Amino acid sequence: HRAAADMFRRATDRSSAFKDYAEAVAAALMDGSTMIGRARTGALSKAAEIDGGPLSVSDQWVVMIDPAGMSAERAAELEKQAEAAQAQLNPLIIAVDQADDTTSMRLVAAISEEGVNRDVAGHISPDAFPMPVDDIPSPAEEEGRQFQEIARSEDMATTVRDITDTEDRDGNRVTTYTMMDGSTQVATEYIDQGLPSQQIYPPGTSRVLHSDKNGKWISETMTSPLEGGGTTTSVSWADGTRIVMTETPDGVRTGSCIAADGRESVLPDEFFTDPIPTLAGGALSGLETKAGQGIPRLTSAELDKVKLGAKWGGPAVGLATMAYNMVSADTLHDAA
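Reminder that position 141 of the sequence shown reads as 146 in our numbering, one-by-one numbering, no gaps.
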């Protein structure tokens, strides 16, 4: 009889401990859900308000300028508005982050509370539940604010706000693509000047010169026909990195990359035969790229696909993307 009574007492104690444990965990989850929901509603409401105008909030909570054609003055005005909107949104993002952290800490505390889990599942250390890593850095820290600034700057540097199409004094077609941040990519298509002495580049050459918003040269990409047939495409960056590709009339393709420190690497066959990354080809770069069908080349047909408001990294970024995982990846990435 006494043994049976002790057994029922222990069962009652364990049931009571489990009830307390479950209630503590449930309370932590319910309180956390309410707290996170309230903070998230505030952040989403502000994001929706921002989205209602000429700005938008990305999946990473960065305020961007909606892509469209506009003047330099309008772009500068919207950049200031984006910075101001980001400053208003950040406290709400931080509130969501803090609510999430508080919920996590309370949940761990409930699970590991002395006298509860020991009777239910043995001792559980709080260290057994490491805090999850944030997908993006919090704007509460300098790293998070820098992340937002860099993301916005990169977006502006790859959004076309103005396109002008003219001819230079020699009759060559010159198309200037001005980005949201004021940087430019100037495409020139060279025609036959009649006399070799007047010909800067072979007729049919296409060239894109990329400069930053201060006019500083970033890169130059060029596709030219070779004497006797064939084609060559090259890209040079300001740090000295250079990629050169050649295709002979009978379709033999070769290429090399010369890094800023002078190291030279031969481009593997896969560079010309593998499927082309989306960023590298088409309207995102101005390059004509067909796997297994010739070297990448600048063409007016592809450049003409770049429209106002388009996202356009330019041909140098496209070629760097293609070579990134093949040779001198870090150098090419930094150069781009």
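Calculated from the structure, these hints are not laboratory results. Quick caveat, the model's predicted, so the values are computed rather than measured. One should not assume that every hint holds.
[Unchecked claim] With beta-carbon atoms standing in for the labels, derived distance ranges: (1) L49 - D173: 34 to 42 Å; (2) D140 - N219: 31 to 39 Å; (3) T259 - D309: 40 to 48 Å; (4) A53 - D309: 34 to 42 Å; (5) T171 - E148: 37 to 45 Å; (6) R43 - G74: 20 to 28 Å; (7) V271 - V179: 52 to 60 Å.
All C-beta atoms in this analysis are idealised placements derived from N, C-alpha and C, irrespective of residue type, glycine included.
### Task
Return holds or violated for the Cβ distance of T259 and D309 against the range 40 to 48 Å.
violated, 29 Å
### Range hint compliance [Cβ, D140 to N219, 31 to 39 Å]
At roughly 33 Å between Cβ atoms, N219 and D140 fall inside 31 to 39 Å, so the hint holds.
### Query
Regarding L49 and D173, is the given constraint of 34 to 42 Å on their beta-carbon distance met?
violated, 51 Å
### Query
Taking 20 to 28 Å as the hint, is the beta-carbon distance of R43 and G74 inside that range?
violated, 40 Å
### Message
I want to verify a distance hint. Is the separation of the beta carbons of T171 and E148 within 37 to 45 Å?
### Response
holds, 44 Å
### Query
A53 and D309, beta-carbon distance inside 34 to 42 Å?
Distance hint for A53, D309 holds at roughly 37 Å.
#### Entry: Beta-carbon spacing of V271 to V179 - inside the hinted bounds 52 to 60 Å or not
violated, 34 Å
Going through the hint list in order, the structure does not satisfy hints 1, 3, 6, 7.
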